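Participant: Protein chains in written order, with my numbering: chain A, 1 to 369; chain B, 1 to 340.
These are computed hints drawn from the structure, not numbers from a lab. One or more hints might be untrue.
[To be verified] For lysine to any residue, the following SDA-like pairs were computed, each having C-alpha atoms within a straight-line distance of at most 25 Å:
1. A:K20 with B:L147
2. B:K151 with A:E320
3. B:K206 with A:R304
4. A:K305 with B:K206
5. A:K20 with B:N154
6. A:K305 with B:T4
7. B:K206 with B:T4
8. B:K151 with A:I319
9. A:K305 with B:E244
10. A:K20 with B:E112
11. A:K305 with B:I5
12. B:K151 with A:A22
13. B:K206 with A:E312
14. A:K305 with B:R3
15. A:K20 with B:E163
16. B:K148 with A:G329
[Stated by the list, open to error] One side of the interface only, derived from the structure: several residues of chain A facing chain B at Cβ under 10 Å:
17. G47
18. G192
19. A222
20. Q225
21. T227
22. D249
23. S251
24. I296
25. S298
26. R303
27. S306
28. L308
29. Q309
30. G313
[What the hints assert, rightly or not] Distance windows between CB atoms, simulated:
31. A:H169 with B:T69: 38 to 48 Å
32. B:V329 with A:S306: 23 to 33 Å
33. A:D317 with B:V329: 49 to 59 Å
34. A:D317 with B:M113: 17 to 27 Å
35. A:T237 with B:R139: 53 to 63 Å
36. A:R161 with B:S39: 56 to 66 Å
37. B:P111 with A:G313: 23 to 33 Å
38. B:E90 with A:A279: 53 to 63 Å
39. A:R303 with B:T4: 23 to 33 Å
40. A:R80 with B:T69: 57 to 67 Å
Please read these numbers as outputs of a predicted model, since none were measured by experiment. Backbone N, C-alpha and C fix where the C-beta goes; we use that ideal spot for every residue, glycine too.
Chain by chain, the residues:
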Amino acid sequence: MDAPLLAVENLRTYFYSRAKRAFIRSVDGVSLGVMRGETLGIVGESGSGKSVTALSAAGLVTAGPGVISGRIDLQSNGSRRNLLDGLENYARVTEQDGRVMAVEKDERGWRRHSETLMAGVRGKEIAMIFQNPRSALNPYSTIGKQLVETIRLHTNFKGERQARERAIHWLERVRIDSPRLRFDNFPFGMSGGMCQRAMIAMALSAEPSLLIADEPTTGLDATIQSTIVDLLAQLKTETGITTLLISHDISVIQRLSDRIAVMYGGTVVETGRAAEVLAPEATARHPYTAALLASIPSAETIRRKSYLQAIEGEVLDTIEVPRGCRFYGRCNRVTEAIRGNCAGLEPPLGEVAPGHKVRCWLYPAAGKP
Amino acid sequence: MSRTILEVTDLRKDYRQRRGLVSMLTGQGRVIPAVDGVSFYLRENETVGLVGESGCGKTTIGRTVLRLTDASSGRIVFDGRDITNLSRAELRPLRREMQMIFQDLDAGLNPEMRVRDILREALTVHERPSEAEIAGRVRELLEQVSLKDSKLANFPSELSGGEKRRVGIARVLAVRPRLIVADEPTSALDISIQAQVVNLLRDLQKHLGLTYLFISHDLPVVELVSQKVAVMYLGRIVEMGLAENIAHQPRHPYTGILWASLADKQNTEVSLHARAGAPAERERPTWGVFDFEQPVNGCRFAPRCPLYQDKGRPAVCTDPASEPQLRDVGHGHVVACHFA
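Looking at chain A on its own, in the form it has when it is part of the complex:
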């Protein structure tokens, strides 16, 4: 089997809460891989660490201490490079019982070093689209100008004329009507959906190896959301672009992903093929995934006007992380046989079926890493 295009290994990205004088363990030991040509969907609630995982991969975490350990390998042009290479020279992490007690990080030094590592990677190898497209576009410059700039910088279409034609080509690819007219539009005259299309055109025009789509449909109207999802599905078939998709919307994740990772409290709690993890008849499943699926009103719930199966309690804040399973406090499937484990020991991510991993003591197979 090929090596993944992007491999994240044991990534930890922490922030510091001055008010609580404690670390916010946003990403707390995440490992995942995105194979060439596939879409990996990360789903989770706010604070689960899904966006910070993506930002770490793009070298865009600016608050301290930020990334404190792990590696992020990116395959490009046949060679592999670790985007966190040399991190250990800048960050000294003091741990006690597996908990981080202190981090001494030369943030300025690391940032400078990280920028050299990311040069030629971000924007070129890894392109991103964000939740709020309007804020990611330059309001003072036309859509066309911004596209041309990207194209001339990152591709072989160096000539002004050539790049212009290429820009129009990309506007067509993202189904923007009358691309030649839109070329001279400023972002403010365009609708949210149109801005998102322009943003997607800009990201893809650099011909990146990896596209990171961070909540690409959030904040758009329902009908616009579905057209953007349609567009992403079509571009996926047409270009075969490898995508890391982040969304809190399970239906978007389900529609676009080949494999998914469910995140909770800074860790991956379940990962596997989308069809398997989200299949209604799936038998092995993390209680959190099951509860997430159950809290969306089903046709049956609506018909009977019954209550929604809510997950009790609050989303875990990653400051006071419990010793045992992070979902234990809200879990409705704890049995007496496993309670001791759930309360005291964090379960490892274990394989319950080929390629399907679950972090839960319910599954004996998961008990053995």
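Take the given structure of chain A and dock chain B to it, following the hints.
Facilitator: Relative to the frame of chain A, chain B by itself:
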């Protein structure tokens, strides 16, 4: 049958957009009809869902029926009394009966007040209860919204999203309202918390006999909580009827598209189609924003309407003299389309 608590007739709300110094000084400017002739009613203890895309006027309706903004024309009757033109002083006693839950979780939560004081303020704004009564009511409110006592000492910034929402609801309940306009009450919350809040709102309705105007873009939730649903497009109601009929037997093409866009995202079968190359039927016209600068010619949905295209662009759809009006198609189901 329970009685009508709110009746809205031909409600209009225009906003005036002023551009530049001249129009600012002369007071002239473009008129944007955010709500353009809307009629509906709410029966006691019932929920009417209001759906539509952003900018269609949902929130403006909510604010106008509560008289948080003044209507440009039309009639709003609350509990048998015409409140359209009541003065602020006359409205004051009615304010407690009609409340709003805002989309913004922080709305109404003074960041410098503890939860206890926020609730106390709400309890004393219309009445002068004794200290013992206040304490009793605070306890009751906490119980109603399932919030722990320990949260009373917290400032809003120390609460999670779900807790803020609960305090916001408790604050609204403090004045014992009968009608609540819930404007996107769950959209700022995480999925697992959304379900808690939906359950809570339904419980409260059952126990307190509340009436809801439920504004949301979350179609499954609207279908779940509402008896009736009104679908809005560009300032008008284009279809209204029983929730299950709107969701499963829509008569207006726009309603069909709204619910289909939901199914599109969820349905994996559809996605397999998309992977195999999009069939022609899925090619939709580009969804732009409505341009208020262009006059409305006939049906305002025509520029985006698949039925209009299928029928070979009938002239009646774009005839300025025949904008489709709501008409009854049976079972209290009304629809504004020439071909429904």
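Participant: The structure should be examined with respect to each hint, and the outcome stated for every one.
Facilitator: Verification of the supplied hints:
{"no.": "1", "hint": "A:K20 with B:L147", "in the structure": "holds (23 Å)"}
{"no.": "2", "hint": "B:K151 with A:E320", "in the structure": "holds (18 Å)"}
{"no.": "3", "hint": "B:K206 with A:R304", "in the structure": "holds (16 Å)"}
{"no.": "4", "hint": "A:K305 with B:K206", "in the structure": "holds (13 Å)"}
{"no.": "5", "hint": "A:K20 with B:N154", "in the structure": "holds (15 Å)"}
{"no.": "6", "hint": "A:K305 with B:T4", "in the structure": "holds (23 Å)"}
{"no.": "7", "hint": "B:K206 with B:T4", "in the structure": "holds (17 Å)"}
{"no.": "8", "hint": "B:K151 with A:I319", "in the structure": "holds (19 Å)"}
{"no.": "9", "hint": "A:K305 with B:E244", "in the structure": "holds (11 Å)"}
{"no.": "10", "hint": "A:K20 with B:E112", "in the structure": "holds (19 Å)"}
{"no.": "11", "hint": "A:K305 with B:I5", "in the structure": "holds (23 Å)"}
{"no.": "12", "hint": "B:K151 with A:A22", "in the structure": "holds (22 Å)"}
{"no.": "13", "hint": "B:K206 with A:E312", "in the structure": "holds (21 Å)"}
{"no.": "14", "hint": "A:K305 with B:R3", "in the structure": "holds (23 Å)"}
{"no.": "15", "hint": "A:K20 with B:E163", "in the structure": "holds (19 Å)"}
{"no.": "16", "hint": "B:K148 with A:G329", "in the structure": "holds (16 Å)"}
{"no.": "17", "hint": "G47", "in the structure": "holds (8 Å)"}
{"no.": "18", "hint": "G192", "in the structure": "holds (8 Å)"}
{"no.": "19", "hint": "A222", "in the structure": "holds (5 Å)"}
{"no.": "20", "hint": "Q225", "in the structure": "holds (7 Å)"}
{"no.": "21", "hint": "T227", "in the structure": "holds (6 Å)"}
{"no.": "22", "hint": "D249", "in the structure": "holds (8 Å)"}
{"no.": "23", "hint": "S251", "in the structure": "holds (4 Å)"}
{"no.": "24", "hint": "I296", "in the structure": "holds (7 Å)"}
{"no.": "25", "hint": "S298", "in the structure": "holds (8 Å)"}
{"no.": "26", "hint": "R303", "in the structure": "holds (8 Å)"}
{"no.": "27", "hint": "S306", "in the structure": "holds (9 Å)"}
{"no.": "28", "hint": "L308", "in the structure": "holds (4 Å)"}
{"no.": "29", "hint": "Q309", "in the structure": "holds (7 Å)"}
{"no.": "30", "hint": "G313", "in the structure": "holds (9 Å)"}
{"no.": "31", "hint": "A:H169 with B:T69: 38 to 48 Å", "in the structure": "holds (47 Å)"}
{"no.": "32", "hint": "B:V329 with A:S306: 23 to 33 Å", "in the structure": "holds (29 Å)"}
{"no.": "33", "hint": "A:D317 with B:V329: 49 to 59 Å", "in the structure": "holds (51 Å)"}
{"no.": "34", "hint": "A:D317 with B:M113: 17 to 27 Å", "in the structure": "holds (23 Å)"}
{"no.": "35", "hint": "A:T237 with B:R139: 53 to 63 Å", "in the structure": "holds (59 Å)"}
{"no.": "36", "hint": "A:R161 with B:S39: 56 to 66 Å", "in the structure": "holds (57 Å)"}
{"no.": "37", "hint": "B:P111 with A:G313: 23 to 33 Å", "in the structure": "holds (25 Å)"}
{"no.": "38", "hint": "B:E90 with A:A279: 53 to 63 Å", "in the structure": "holds (59 Å)"}
{"no.": "39", "hint": "A:R303 with B:T4: 23 to 33 Å", "in the structure": "holds (27 Å)"}
{"no.": "40", "hint": "A:R80 with B:T69: 57 to 67 Å", "in the structure": "holds (60 Å)"}
Consistency with the previously given hints is maintained throughout, with no hint failing.
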